[in-house]
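Enquirer: Between the sequences and the hints, there should be enough to build the whole structure, so can you do that?
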Amino acid sequence: MLDRSKPRAPMRQTHTPPAKAPALEVSTTLVVRRGVAFLERHPGVASLLLVLPGTIWMMLFVGIPLASIVLFSFWRSGFAGLVPDYNVENYAALLGGRTFWRITFWTYEVVIIALAGVIVLAYPAAYAIWRVVRDDRWKTAVLLLCVVPFWTSYLTRTITWLPMFGREGVVNRVLLALGVIGEPLEILLYTPYSMMWGLWSLYIVFMIGPLYHSMTKIDEDVMSAAAMLGATPLRTFFHVVLPLTRPGLMAGSLFVMVLGLGEFFTERVIGGAQNPMLAGLILRQIDIFQWASASAIAVTLTVLTLVTVSAMLRLFDLRKV
Amino acid sequence: MTARAPVIASVARPLIRPLYLAYLGFILAVLYFPFVVMTILSFQGPRGGHTFPLRGVSTIWYWKLFNPGKLTPYSDVGEFLGDYLASLQRSVVLAVITMLISTALALMAAQAFRRGFKGSGLVFYLWLLGIIVPGITVSLGLSLWFRRMDLPLHWLTTGLPVHVMWTLPFSLIIFLMFFNRFDTSLEDAALILGATRWKTFRHVTLPLMQPAILTSLLFAFTLSLDEFQRSLLITGTDQTLPLMVMASVTTRITPTLYALGTLTTLLSFAVVGAYLALLTYSLRKSRRLVEGSSNPRGSR
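As they're listed, the protein sequences go chains A and L. Residues in the first sequence are numbered consecutively from 43, following our numbering. Residues in the second sequence are numbered consecutively from 2, following our numbering.
Read the hints as simulated data drawn from the structure, not as lab findings. Be aware that one or more of the hints could be misleading.
In silico DSBU-like cross-links for lysine-lysine, where the CA-CA straight-line distance does not exceed 30 Å [stated by the list, open to error]:
| # | chain 1 | residue 1 | chain 2 | residue 2 |
| --- | --- | --- | --- | --- |
| 1 | A | K181 | L | K286 |
| 2 | A | K181 | A | K259 |
| 3 | L | K286 | A | K259 |
| 4 | L | K200 | L | K286 |
| 5 | L | K119 | L | K200 |
Expert: Listed below in structure tokens is the structure:
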């Protein structure tokens, strides 16, 4: 190892402040310089100091909310607010009732269908950008167009489906004009179908980017080897492309899963507000000032989300994407 | 079936390319056509509603956006007359502060993560919790806790911590992804030539990291600008833009919302455009840096 402290020693002397400088200033610069030198010699301590501020921030503002919902889920909702108490009534009412289970299953149904749809919709798109679009500039442009909506407002993107799907909406008008249907379809808006369409269109941007990213990492030689050995495009896809794009697929899926489990806006705005998912149920409890039972549902939703995510994380390491 | 597959493939081959391109066109249409429809409807006539048909063409909804609370001959009972622009201003201020804090803290942490330290896996998952934990849960927990502590709710003081908490893991992941593909040879050279770790970071690592820093700034800014799940219950009376949009959507939808959506979408496009311009510039610069170092006498 190089000893870096020795060559720097003369430097330190040249930088020493003149003797007339106030004593305090000398000592502060000295302390700072000693501190820096200490950190240079102890990178472990430096690492700790670097990672600490952000970690404390996360501990405070993830830890406190989690701790408080756990605590308050054992309290009671009174007229003026939460009343300290220690009972499991909130959980008993929740887990004993049929509504909660129905809504939990419904939540998973929605999220899984949303995820499956996003995968089916995103794969051909990413694949097309990767193999079918030939010009590199076009590739970048199309990929960018597929990703840019990620940086626009989620709420706006949801609301834009209202004039598309309504009774007088664009889709109904086009279908009527084409003579496909006799009268406007009612199922296009404020139904689970419109909600699902909304979720697909919202979430697809989370999938195309990571998938494409994984595809570009596939060695071109692997693809030509598959072709030369006589694999059909379909076989190549299932035996080469699919396994090699798993990191991107998982990263996108994780995002869809996490956002889907916490979703309430789409359901409220274009889903007709009739079939709440768990997050929507929490909001409805808050609306009627049932903070304790809202906390109990929040605890359950958080546990479900953590279990789901850790099951998915077992399949891959996010840091290696 | 195996015998027939190549035959089908050879027949279908000329069709595959146009089919894929048509599909790409369909996906792009799904992503962008609603924006176009929204923009058209934002010029709805004064008597028109939030869906087709267009009843004349006017800019009254934009006028309403810039003149909040003013009644017009066309104003309706129950119309949402909130001051969207003030909340947009709040959201932008919040997003700028969030993006700076988030990028700085994540940059620091990423330096530690790439070197590795004891318990780094655990700390990484702790950071990841910020993304994983459902937003409404965070919002509920913090709002109940703030209320018990008698902390006044305000979009900046109680809003900022939550916004940074949400963007911080994204910034960290961006930096970690960057370091996964990072070539350390320039850093090693600086260290071997006797530069301190700080000088190496300041003069070698940081300039090379510019693209990642820009990406982190973009993500933190846009995620914060759009944040509504986590800040839903904790911003108090002066709401941020997404929260005001949420409130007005659940009461009554008017084309003002489309006017607002059109303007904010254009703002987002402008931000992304600025990002891309800066990214191209910094990529070119860092490439020059790398090339210049491998060829010190090269023309610069």
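Enquirer: Hints first: check each against the structure and report whether it holds.
Expert: Status of each hint after checking the structure:
Note on K181(A) and K286(L): the hinted pairing holds, with a Cα-Cα distance of about 23 Å set against a maximum of 30 Å. Using a Cα cut-off of 30 Å, the hinted pair K181(A) and K259(A) holds, with the two alpha carbons roughly 15 Å apart. As the CA atoms of K286(L) and K259(A) are separated by approximately 25 Å, the hinted pair is consistent with the 30 Å bound. Restraint check: the Cα-Cα separation between K200(L) and K286(L) comes to about 19 Å, which is no more than 30 Å; the hinted pair holds.
A distance of roughly 25 Å separates the Cα atoms of K119(L) and K200(L); the hinted pair therefore holds under the 30 Å criterion.
This entry satisfies every hint, going by the numbered hints stated previously.
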